[in-house]
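Number of protein chains: 4
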Amino acid sequence: MNEREIDVPGPTLEELRRRLTKFAAARRWEPFHTPKNLAAALTVEAAELLEIFQWLTPEQASAVMADPDRAHRVRDEVADVLAYLLQFCTAVGVDPLTALAAKIERNELRFPVPGAVGDVNPEDVS
Amino acid sequence: MNEREIDVPGPTLEELRRRLTKFAAARRWEPFHTPKNLAAALTVEAAELLEIFQWLTPEQASAVMADPDRAHRVRDEVADVLAYLLQFCTAVGVDPLTALAAKIERNELRFPVPGAVGDVNPEDVS
Amino acid sequence: MNEREIDVPGPTLEELRRRLTKFAAARRWEPFHTPKNLAAALTVEAAELLEIFQWLTPEQASAVMADPDRAHRVRDEVADVLAYLLQFCTAVGVDPLTALAAKIERNELRFPVPGAVGDVNPEDVS
Amino acid sequence: MNEREIDVPGPTLEELRRRLTKFAAARRWEPFHTPKNLAAALTVEAAELLEIFQWLTPEQASAVMADPDRAHRVRDEVADVLAYLLQFCTAVGVDPLTALAAKIERNELRFPVPGAVGDVNPEDVS
Numbered sequence: 007m008n009e010r011e012i013d014v015p016g017p018t019l020e021e022l023r024r025r026l027t028k029f030a031a032a033r034r035w036e037p038f039h040t041p042k043n044l045a046a047a048l049t050v051e052a053a054e055l056l057e058i059f060q061w062l063t064p065e066q067a068s069a070v071m072a073d074p075d076r077a078h079r080v081r082d083e084v085a086d087v088l089a090y091l092l093q094f095c096t097a098v099g100v101d102p103l104t105a106l107a108a109k110i111e112r113n114e115l116r117f118p119v120p121g122a123v124g125d126v127n128p129e130d131v132s
Numbered sequence: 007m008n009e010r011e012i013d014v015p016g017p018t019l020e021e022l023r024r025r026l027t028k029f030a031a032a033r034r035w036e037p038f039h040t041p042k043n044l045a046a047a048l049t050v051e052a053a054e055l056l057e058i059f060q061w062l063t064p065e066q067a068s069a070v071m072a073d074p075d076r077a078h079r080v081r082d083e084v085a086d087v088l089a090y091l092l093q094f095c096t097a098v099g100v101d102p103l104t105a106l107a108a109k110i111e112r113n114e115l116r117f118p119v120p121g122a123v124g125d126v127n128p129e130d131v132s
Numbered sequence: 007m008n009e010r011e012i013d014v015p016g017p018t019l020e021e022l023r024r025r026l027t028k029f030a031a032a033r034r035w036e037p038f039h040t041p042k043n044l045a046a047a048l049t050v051e052a053a054e055l056l057e058i059f060q061w062l063t064p065e066q067a068s069a070v071m072a073d074p075d076r077a078h079r080v081r082d083e084v085a086d087v088l089a090y091l092l093q094f095c096t097a098v099g100v101d102p103l104t105a106l107a108a109k110i111e112r113n114e115l116r117f118p119v120p121g122a123v124g125d126v127n128p129e130d131v132s
Numbered sequence: 007m008n009e010r011e012i013d014v015p016g017p018t019l020e021e022l023r024r025r026l027t028k029f030a031a032a033r034r035w036e037p038f039h040t041p042k043n044l045a046a047a048l049t050v051e052a053a054e055l056l057e058i059f060q061w062l063t064p065e066q067a068s069a070v071m072a073d074p075d076r077a078h079r080v081r082d083e084v085a086d087v088l089a090y091l092l093q094f095c096t097a098v099g100v101d102p103l104t105a106l107a108a109k110i111e112r113n114e115l116r117f118p119v120p121g122a123v124g125d126v127n128p129e130d131v132s
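Same order as they appear, the protein sequences are chains A, B, C and D.
Residue 38 in the working numbering sits at position 32 of the first sequence, and the numbers go up by one each step.
Residue 51 in the working numbering sits at position 45 of the second sequence, and the numbers go up by one each step.
Residue 25 in the working numbering sits at position 19 of the third sequence, and the numbers go up by one each step.
Residue 111 in the working numbering sits at position 105 of the fourth sequence, and the numbers go up by one each step.
Simulated from the structure, these hints should not be mistaken for lab results.
In this text, all values refer to a predicted model and were calculated from it rather than measured experimentally.
Worth double-checking, as some hints may not be accurate.
Identical copies go unnamed one by one, so any copy, or any two together, can satisfy a pair.
[To be verified] The calculated DMTMM-like cross-link candidates involving lysine to aspartate or glutamate, where the alpha carbons are at most 25 Å apart (straight line), are:
hint, residue 1, residue 2
1, K28, D75
2, K28, D73
3, K28, E111
4, K28, E114
5, K28, E57
6, K28, E65
7, K28, D101
So that you can see chain A by itself, here it is in the shape it has in the complex:
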């Protein structure tokens, strides 16, 4: 599987979210897609991603994409996590990009950059 070509715009997150909604509707899976079930499925898929790494040394873990089988599993589990996160967001009516942008703004206040203007005396650094 190749990563997306530079000049060909790939699908947006919102397009994929809608495609997943249609996919589930066509198969009549909506009754199963409650917020609670989807939060459980999201956790299970995240744990399956973690499973790939659980016995690896830091060096092996860093080289995980050099092994084609592991690389495929990683991409597959990333897709599953994102799929259930998007379906969860559909079920509860949350926009994930807006939620993340708001969180980043809160974190910028919560974790000021060390050494930012006003935060250190430049002479301390010399």
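Add chains B, C and D to chain A, keeping to what the hints say.
Relative to the frame of chain A, chains B, C and D by itself:
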């Protein structure tokens, strides 16, 4: 927190991914952001989202966003899951949208729509 | 698989913990059995137990042991969770029974029984 | 918190399991203690144990019990994981010790000890 206004385009997933990379770099957090650590953190955050729902009945779970405190926690955990997923993708060099698009295509073959052309006797439908 | 017969004492938790330690030592797995790896493996196995239930209705979930395949998976995942918990305890030097007894005592103070002596006006009960 | 004294027998797993059953019954928590909810709670607690380790280096993780605050959190999360595992076992009627003993026996066949009798020629080792 309001959801994104219709006519004002919000940030894209790729913009937020880059912003998270800069955020971590400015705080010198990259040494901690190994694929293994980020997969663990992703699982922990997914479990924190699940925690909100673990004792709720299906009815309570469906109404979760009507409670302002729970709604805030839900948005916050969605943001955390997406943040760690994007940082994981940066660490391993995976494009999450491409991975998800490929997975949806595989699933469309794996789970054919019941009643799709070629799958049913047209007389059944009439 | 039958549950333990009443009159034949089965293994104790401590006996199984030691057997797991010998099992790992004989296979030279100790270098992998760090507290961090074992905590990850424990989470992965707990998620695999959850996976059995994720799409089940409450009714189906309650009848899970009536299906022989699911019942086998449940027993298998319970064993895996307990195995990694015991191996984690070995790695960090914690006695799980002592830890749980202490926690129950803290919880008895934290969540007093409603209607316990001293907690209600006896006239309310008449 | 001290670990259990050598000569004073502590509670058995079965005693603690029964105590947890009474604890939940006295507080009328049984309706919440479905297999599905307990499997979710077990996963959440395992993830909370993992959270203690997620940013630690292998060296820091190995020394986790030398830090009194972290040591207390570790014991507390071990207790929570074991408590939900026992309550899950009660809900589905599984004996965790029997399940684990059976699993160890299966694993002894599945992962033979390297160098065990019949597995190597002793001359290979000399």
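For each hint, the structure was consulted:
With identical chains, the CA atoms of K28 and D75 are never at most 25 Å apart, being 30 Å at best within one copy and 31 Å at best between copies. For a Cα distance limit of 25 Å, the shortest separation of K28 from D73 qualifies neither inside one copy, at 34 Å, nor across copies, at 28 Å. Taking the shortest alpha-carbon separations for K28 and E111, only the inter-copy value of 13 Å comes in at or below 25 Å, while the best intra-copy value is 33 Å. When the C-alpha separation of K28 and E114 is checked against a cutoff of 25 Å, the pair qualifies only between copies, where the shortest distance is 11 Å, while the shortest distance within a copy is 37 Å.
Taking identical chains as interchangeable, the C-alpha atoms of K28 and E57 lie at most 25 Å apart only when they sit on different chains, with a minimum of 24 Å there against 30 Å within one chain. Only between protomers do K28 and E65 lie at most 25 Å apart by alpha-carbon distance; the minimum there is 24 Å, versus 41 Å within a single protomer. With identical chains, the CA atoms of K28 and D101 are at most 25 Å apart both within one copy (17 Å) and between copies (23 Å).
In summary, the numbered hints that this structure violates are 1 and 2.
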